[in-house]
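4 protein chains.
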Amino acid sequence: MKHLFFDDYSEGAHPAILEHIMNNNNGQERGYGYDSYSQKAENLIRKEISSTNADVYFLPNGTQINFTVIAAMLRSHEGVIAPTSAHINVHECGAIEATGHKIIAIESANGKLTPAHVEQAFAKHHDEHTVKPKVVYLTQATETGTTYSLTEFEDVANYARSKGLLVYLDGARLAMAIANEKNGITLKDITRLVDAFYIGGTKNGGMYGEAVVIINPELQKDFRYHIKQRGGLMAKGRFIALQFERFFGKDQLWFELGKLVNQKAQKLYQGLVKVGIEFENAPNGNQLFPILNNKLITELQKEYGFYVWQNGSERSTCRLTCSWATPDTAINDFIQDTRNLINKL
Amino acid sequence: MKHLFFDDYSEGAHPAILEHIMNNNNGQERGYGYDSYSQKAENLIRKEISSTNADVYFLPNGTQINFTVIAAMLRSHEGVIAPTSAHINVHECGAIEATGHKIIAIESANGKLTPAHVEQAFAKHHDEHTVKPKVVYLTQATETGTTYSLTEFEDVANYARSKGLLVYLDGARLAMAIANEKNGITLKDITRLVDAFYIGGTKNGGMYGEAVVIINPELQKDFRYHIKQRGGLMAKGRFIALQFERFFGKDQLWFELGKLVNQKAQKLYQGLVKVGIEFENAPNGNQLFPILNNKLITELQKEYGFYVWQNGSERSTCRLTCSWATPDTAINDFIQDTRNLINKL
Amino acid sequence: MKHLFFDDYSEGAHPAILEHIMNNNNGQERGYGYDSYSQKAENLIRKEISSTNADVYFLPNGTQINFTVIAAMLRSHEGVIAPTSAHINVHECGAIEATGHKIIAIESANGKLTPAHVEQAFAKHHDEHTVKPKVVYLTQATETGTTYSLTEFEDVANYARSKGLLVYLDGARLAMAIANEKNGITLKDITRLVDAFYIGGTKNGGMYGEAVVIINPELQKDFRYHIKQRGGLMAKGRFIALQFERFFGKDQLWFELGKLVNQKAQKLYQGLVKVGIEFENAPNGNQLFPILNNKLITELQKEYGFYVWQNGSERSTCRLTCSWATPDTAINDFIQDTRNLINKL
Amino acid sequence: MKHLFFDDYSEGAHPAILEHIMNNNNGQERGYGYDSYSQKAENLIRKEISSTNADVYFLPNGTQINFTVIAAMLRSHEGVIAPTSAHINVHECGAIEATGHKIIAIESANGKLTPAHVEQAFAKHHDEHTVKPKVVYLTQATETGTTYSLTEFEDVANYARSKGLLVYLDGARLAMAIANEKNGITLKDITRLVDAFYIGGTKNGGMYGEAVVIINPELQKDFRYHIKQRGGLMAKGRFIALQFERFFGKDQLWFELGKLVNQKAQKLYQGLVKVGIEFENAPNGNQLFPILNNKLITELQKEYGFYVWQNGSERSTCRLTCSWATPDTAINDFIQDTRNLINKL
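Protein chains in written order, with the numbering used here: chain A, 707 to 1051; chain B, 707 to 1051; chain C, 707 to 1051; chain D, 707 to 1051.
Looking at chain A on its own, in the form it has when it is part of the complex (with noise of 0.2 Å):
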């Protein structure tokens, strides 16, 4: 194989992490995030977002995330709303309903939420024999690798607001929307219009774990009690605090490896177009949807790893991701073997 093209996860961790964690490895800290280096990384964060009464914590990984935070912010009778295609939904193996909590599926061709399709989840769950709609479940960049821009977020998180619903975005690839210039959204932003939000840190350059912020003064309060009981409280947090001190320290690593995935995803997205391939849509982000014919794709799967998204009797969709070590040289090697194969096939 010459790269895997598959996801975001496959490589390790960005030197500058692992170095900045070498560094501060020795020493005694106070266990279960109470140690010097989250308090730092807190810091950072909440001057990041404009914040000084945001809550900051550390947790192992994002489907974690998702349950503790929704399933804090529900009663048992309240569910939350996402599109159809939401991770919560589609790859979580039913994690939220495992805490108790229906999703409120809408149907959403670009799997973002727009005010009509919450209408639309209100219109169909107004008494007892139904959940109640409370929280609306929000992803930047989403599944399918489109992204909201400003005004279209500010659409639906106020529309959501003005019905009493609160608002959870799931920042999984939050970095690669936030670098992409065309959205115009920034932390700030988020952090006006959410009530909790996770910076992904794993999918950016990160070793492991994600940084949950909690904007919303009812939810703060005891929220260390559902991060315990939902098996999210680390004894040594001061791991994946290290790795936050880096990423929003001086040099800004977090927002500049978004910066760079996105080049790089642009790089090859401008590569094969002029090679003649067609895409589903221009890229958001580090993720790419090709319209490939049949026949190519089985022939660069034996050079490259990368997943067929949507089978088609004779072209299909694929998804291309790239990540901050995606070398060019596996760029450039990707758009001439399509070129010659093209020519070929």
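Since copy identity is lost for identical chains, a pair holds within one copy or between any two.
Quick list of in silico lysine-lysine cross-link-like pairs, DSSO-like style, CA-CA up to 27 Å:
| hint | residue 1 | residue 2 |
| --- | --- | --- |
| 1 | K927 | K830 |
| 2 | K830 | K1001 |
| 3 | K1008 | K746 |
| 4 | K746 | K708 |
| 5 | K830 | K1008 |
| 6 | K888 | K753 |
| 7 | K927 | K840 |
| 8 | K1050 | K973 |
| 9 | K927 | K869 |
| 10 | K970 | K1008 |
| 11 | K894 | K840 |
FYI, nobody ran anything at the bench for these hints, they're computed from the structure.
Mind docking chains B, C and D on chain A? Use the hints.
Frame of chain A, contents of chains B, C and D only:
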């Protein structure tokens, strides 16, 4: 108001049911389903389904039975396949999810499942990133008034079993579906094709309570624990048992009431067809879905209670439900008033 | 067998209850608790407790009410304080835990809780490594036959509230405790001191069903969702309501039956004391706990049903339960037979 | 502060662990535990326990493993037997209950379970009014610092299995218990006697993560679903695996660190005994429970961090915990300071 056609539980209990309770109220009996009336009623049902090994229990209502049986069938990572319109998916306030399990909801235009639907569920649920399909939930008659023919039922049940699934039937309106001879399905057929089902009493003239039949020996084991844990174990178990002793006693009241209500529905249907009303489809049981002019609806609702099922700009689909107690005069009046209003409007 | 003293649910329903059901069976009513009988019964109870703002619901049984109310009171990280011997801790098959909540079980010799017990729970539950105490569960009368005096009840309830806890009372045998004048507690006192409680019907001559009273406005909100989700919403709500309409109607049947059963228990107690039987304590309601010679037990159990509560090598504590229907002849026979057996053994 | 003896997770990771991660960070690997390092680490553990059929998984922390394994072992009506002082009962914020299961807590003075304790659980749990015992939870070393000898462990494990129970071992401090030769228990013994256990890494020099070993074939089936659903499936699985590859590599680091920490604890113990300190018992691993004069505690806590475990009016039992990184100087200083304070006070 002249009459309510809202549903089949607006009436009280059939007099013969109440009389049987009254006649057997005295005397001491063991609690929690170990009384002599429960034994008799269980045996009558076992005889009716020709299964000496089936376990029979009497629980207060259908929602409770649905989540008790389904939760007993599933380990925490397993889910239940159901049509999107299934009662458990849209009218039980997330009760299944509250037991920790995801409903794998499959779109089905008529509320029935086919082998293709089950296959579709497996196509999207094949590894640990999604729940594992383990149960298929069928309803006879369905929420939308449709019914399975024997062949249709055999097809989906056998296919599900061939894939290792357990089959569960919600029989809230089973009496009406059994009474419908076009379906050609008997209680014995159901017993042969499912792992568990319940025989609805409340909607067929009962006071409260339904009978759960557990066929699968693995599920029989410890089932009383599940009943107790989910709140379905009644101290004075005799009173639901007495209703089913009466239902399945000599004069076959349960079957007779199913026939009776279907005849009433047919009479109303035929009468409305004659005055020119169109229908979604001919009634399969006690529910009618006429497509009425919106002005006609407004006028009719001044004298009759019924639901608008699907709003349209000019005409809307409505639901009229008959019960064992619907008076012939109410049926005649409704037809007559409809005719008069059509002429007037 | 001459008579069963096992429990207070081995008898059928009081004839006046059945008669009232029979007389009000006809006619159409709205389903799911929106019927006119439910309104009447709710109002009678509101009047009885002098609380126009209380919400009243009719659910099928006590276990179901316990987990429905407690789960509605708790967020996922919160727990309920209860004595180790509490029904929810030892006789409901983990129903509370099945809703996701821990019971904070506190040892109490007599099954009652004091402020010191509540304090003890807080001493061990003060950070996120344990659940957060949020509800205190009291029973009147308790599992072990003891009752709270008004002062005792005020002490624990007021202390619990001063610590931010909600107070919930399980009233399965509340009629007997109210009828016991030594306690000096009225329904109005309870209403003033708790956030929610239920009024037991089944053990006091009812057919099935109990009345839940929700005092706390926060808990009232959305409570119907919890009833539905936990399987307690009955389609034909009128039938439990009719029982409580009768219970709290003109002749105060519920109170009268509580007095009646206590008198029966006193008669049995006095008779047994006279023939030399010792007791754990004088009966506070309808349960007696005589300490009987093991040989005597063996002989008595040939003619009478009752439980051995605590095995001893020579003498064992037994439980005899009277009900509204226990015939005087059965009481006299039991005393007489005991006397005869004592003389013979 | 001179040194913290609070716990064994206040230090960072052992340098050899970090170095191994650093050296194997580069290169693409499949995600979610399908990487080559996971395979290597799994094989090293399988070799160590002489079980080619065991399944090994790497999860972020112990609390998460406990509820993932126990919930995978139980159907909804089943419970887990544990000593009252068990970590799952008192320090995991109701995490087991949050998966829907009751802990059957049995009083045990020393935190260990015997066949008599298991028998006691069955005596109180024999019908559907209580949960059904299905798993026994053991800890080696226990919360209170005690350890099972091989005979004790065989007794309780074999008895539990003879009653149809599954046996699960929480091995947070397993390295210290294995290193304690008095116990005479090897990883192979444990493998033979339990259905599942976990090998603690964090408290023995790891950075984060523990290794779960599933022996029982029934439990192996679908276990990855449970890991995913409960939030334990790490995208970059390589990083916990690398730690265990190092732990169980050539120089047997995991075993050596267990020995090392026990030696440190012994040194501290011997030194304190010499200056006249009494202990609850001789240390079985890395935890010491000295009984100290309350004035002495006050003075010592000015320079050293440690917990008061059990308050007394004059003397209190304290807990001192050593780790692989506790410097000899800290041990010597603590002994010397204690001697000086005793003379002074």
